[in-house]
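Whenever a hint applies, use it, and build me the whole structure from the sequences.
These protein sequences, in sequence, are chains A and D.
205 is the number that numbering that gives the first Met the number 0 gives to position 206 of the first sequence; each next residue is one higher, with no gaps.
281 is the number that numbering that gives the first Met the number 0 gives to position 282 of the second sequence; each next residue is one higher, with no gaps.
One or more hints might be untrue.
Said to hold, decoys possible - Calculated lysine-lysine pairs in the DSBU-like style (CA-CA distance at most 30 Å, straight line):
id	chain 1	residue 1	chain 2	residue 2
1	A	K213	D	K228
2	A	K280	D	K212
3	A	K292	A	K337
To be verified - Chain A is nowhere near these chain D residues, computed Cβ spacing over 10 Å in every case:
id	residue
4	N33
5	V35
6	I82
7	K228
It is worth saying that the hints were derived from the structure and are not from the lab.
No experiment lies behind these values; they were computed from the predicted model shown.
Using N, Cα and C, we set each Cβ at its ideal position, and we do this for glycine too.
The residues making up each chain are set out below.
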Amino acid sequence: MQLREFQGKDLLSRYAIAVPEGRLAASADEAAAAASALRPGNIYVKAQILAGDRAAAGGVRAVSSALAAAEAARQMLASPLVTPQTGPAGQAAAQVLVERGVQVAREFYIAIGVDPARAAIELVAGSGGSGIEQRIARGSETLSDLQVGTRLDGRAADIDVLGRRIGVPEVAAGAFRATVERLHRAFVELDASLIEVNPLVLTPAGDFVAVDAKVELDDNAGFRHPEFAAMAGEPEGDLTELKAQQSQINFIQMDGDIGAVVNGAGLGLATLDMIRTAGGKPANFMDIRTTAKSMDVAHGIALLLDNPRVKVLLVNVFGGGMQPCDTVAEALGIAFRKHGRRVPAVIRLTGNNEELARHRLANFEFAKIECADMWQAVTRAVSIAQGRA
Amino acid sequence: MAILANADTRVLCQGMTGWAGTYHTNRMIQYGTNVVAGVTPGKGGRSHIDVPVFNTVKEARTATGADASAIFVPPPQAAAAMIEAIEAEMPLVVVVTERVPVLDMIRVREALVGSRTRLIGPNSQGLLVPGACQIGVMATDRSRPGSIGVVSRSASLTSEVVSQLTSAGLGQSATVGVGGDPVHGMGFVDCLDLFFADPQTEAVVLIGEIGGKEELAAAEFLATKGLKKPVIALIVGEHAPAQRRMGHAGALSQDSGGDVAAKVDALRRAGATIAAGAHLVGQTTRERLAKRAA
Numbered sequence: 000m001q002l003r004e005f006q007g008k009d010l011l012s013r014y015a016i017a018v019p020e021g022r023l024a025a026s027a028d029e030a031a032a033a034a035s036a037l038r039p040g041n042i043y044v045k046a047q048i049l050a051g052d053r054a055a056a057g058g059v060r061a062v063s064s065a066l067a068a069a070e071a072a073r074q075m076l077a078s079p080l081v082t083p084q085t086g087p088a089g090q091a092a093a094q095v096l097v098e099r100g101v102q103v104a105r106e107f108y109i110a111i112g113v114d115p116a117r118a119a120i121e122l123v124a125g126s127g128g129s130g131i132e133q134r135i136a137r138g139s140e141t142l143s144d145l146q147v148g149t150r151l152d153g154r155a156a157d158i159d160v161l162g163r164r165i166g167v168p169e170v171a172a173g174a175f176r177a178t179v180e181r182l183h184r185a186f187v188e189l190d191a192s193l194i195e196v197n198p199l200v201l202t203p204a205g206d207f208v209a210v211d212a213k214v215e216l217d218d219n220a221g222f223r224h225p226e227f228a229a230m231a232g233e234p235e236g237d238l239t240e241l242k243a244q245q246s247q248i249n250f251i252q253m254d255g256d257i258g259a260v261v262n263g264a265g266l267g268l269a270t271l272d273m274i275r276t277a278g279g280k281p282a283n284f285m286d287i288r289t290t291a292k293s294m295d296v297a298h299g300i301a302l303l304l305d306n307p308r309v310k311v312l313l314v315n316v317f318g319g320g321m322q323p324c325d326t327v328a329e330a331l332g333i334a335f336r337k338h339g340r341r342v343p344a345v346i347r348l349t350g351n352n353e354e355l356a357r358h359r360l361a362n363f364e365f366a367k368i369e370c371a372d373m374w375q376a377v378t379r380a381v382s383i384a385q386g387r388a
Numbered sequence: 000m001a002i003l004a005n006a007d008t009r010v011l012c013q014g015m016t017g018w019a020g021t022y023h024t025n026r027m028i029q030y031g032t033n034v035v036a037g038v039t040p041g042k043g044g045r046s047h048i049d050v051p052v053f054n055t056v057k058e059a060r061t062a063t064g065a066d067a068s069a070i071f072v073p074p075p076q077a078a079a080a081m082i083e084a085i086e087a088e089m090p091l092v093v094v095v096t097e098r099v100p101v102l103d104m105i106r107v108r109e110a111l112v113g114s115r116t117r118l119i120g121p122n123s124q125g126l127l128v129p130g131a132c133q134i135g136v137m138a139t140d141r142s143r144p145g146s147i148g149v150v151s152r153s154a155s156l157t158s159e160v161v162s163q164l165t166s167a168g169l170g171q172s173a174t175v176g177v178g179g180d181p182v183h184g185m186g187f188v189d190c191l192d193l194f195f196a197d198p199q200t201e202a203v204v205l206i207g208e209i210g211g212k213e214e215l216a217a218a219e220f221l222a223t224k225g226l227k228k229p230v231i232a233l234i235v236g237e238h239a240p241a242q243r244r245m246g247h248a249g250a251l252s253q254d255s256g257g258d259v260a261a262k263v264d265a266l267r268r269a270g271a272t273i274a275a276g277a278h279l280v281g282q283t284t285r286e287r288l289a290k291r292a293a
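If you want it as structure tokens, here you go:
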């Protein structure tokens, strides 16, 4: 789960990581009130969307009056913000964060994530601030990294070295180490998958302040943090994909005309590749999870039948220890019985309970073409989609 | 001989008395796996599906001589179950559980350092040694004993590949699922190393996908340590949409086409034979072995 800036900063401040003083506002009036309370000094108004690179797109603005804060908030809340990370449709902000500016002596970049190859927690740091993605792409900035465990005991010297490599002045070394230790503790205790602070500002007074923060939490650890569920808000993303998720199916919408019904992530990926190799276009990626029952799979198939672009279903299922073939056969019958739409289904069901599945299919009346192997099924489905068979 | 387990391997199941544990333990027993114990805290002293149940792995290991464990416990208890098995010096641990928190897996990997345990998974279909034992949830119908080692990140695609190999007249020495999660136990390199050292294995089929760098590490291993036996590789996901998580937590790529191309290129340069499609693995393996015989 990706958090909005204000949510991430709220969590970080619980770990004694300094963040700018700020207030959340959901309207221009609230933004004006927040700005008045935070004056005097520079005020920043920041759109609370789940994507970075906001500044150039007008999602972060410096203002010097309550009136200007209100106007900035009004614009940010009025229409979706398009940044290099949002996609062309942009993202709408429901709130803005109004913050007091922080005096800057130096800016740094720091992120904590997981290094899968080393099975470690990885600290990545640079002398930085905003625009770091572009500078890395240009090669004018390189980042330093440090792998650590779930405990930081005995690593103080390594953190000092990391600080020196990114240019933390010697007088601020102690404050840098304390900040890194707090970020690491937050990462571990929150079950985060990413904490990125950019910029991490060193003030003239020698304090580190997290001026922007991106925090992502590990969804698989939700059972340890029931209190975080409330932060998720309304689920975002494609409605079809969300419905499929509820039916124990991993589903990704694509723009082709062949509806794929597949069990397992690897076989799902292989099916997309084979469809393209055969000259066809998949309408989706599907991975029926092992926990899915026949009603769940029927819901997933109905989502494909709902898609007017889909001209043919391609069922590629290898019944394994956990997902027998008859579950999918039964699901096909249920989906076609309940749905008015008729498209041909090319079916390749093999493995566990294959015979039972064949008997089930025989009882259902819909246009089905059974194939013995998956390449035969793929080429047949492509022919049908292209109107050749 | 095979790798990691054989017909004499004595298997215990952690979480055996749960629904999934019961179902899959029965499947393992039906296949002929020597299941000697179950472990469920608080249920020790009973017997479940005619298998004695113990409170702890240590007790079960002492009483039965179990030397492999299959873990079916739910995610909140999965890491503790793995660490318990590691501390009991269980030589082989297979974890089927999906959706284990990533930091828990880092803790488990920390516990593995310096231990005697080899860990497979989590989110793995497990280990199948055809004709000898099945530890996990692998489909077994199409597999036959033989000389091809199979290592993969995905269960149903492994079943497909095993079926193609058997149809091509090629049995399998063992199939190992390293699991679909980014942080896991044994990887491609560990399995290649074991298959290369195993006299029964004549060739290895490696099934990779988008996301992560393990296929590149495998290529590096082959390039530096040498291709001791033919390796046939399939990498799937070339046409997956970018920046989306494709079913597996670890299957996520900024640029799927580029990711697959880099992996295929590295493996080919290291001497592996690339299967041009998921439907061609059996045929490609047979042709590769025929070339060697000629």
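Structure-based check of each hint:
1. K213(A) to K228(D): violated, 47 Å
2. K280(A) to K212(D): Holds, at roughly 28 Å.
3. K292(A) to K337(A): Roughly 17 Å separates the two Cα atoms, so the pair holds.
4. N33: Since the minimum Cβ distance to chain A is about 18 Å, N33(D) lies beyond 10 Å and the statement holds.
5. V35: holds, 20 Å
6. I82: holds, 12 Å
7. K228: holds, 23 Å
Checked against the numbered hints given earlier, this structure breaks only hint 1.
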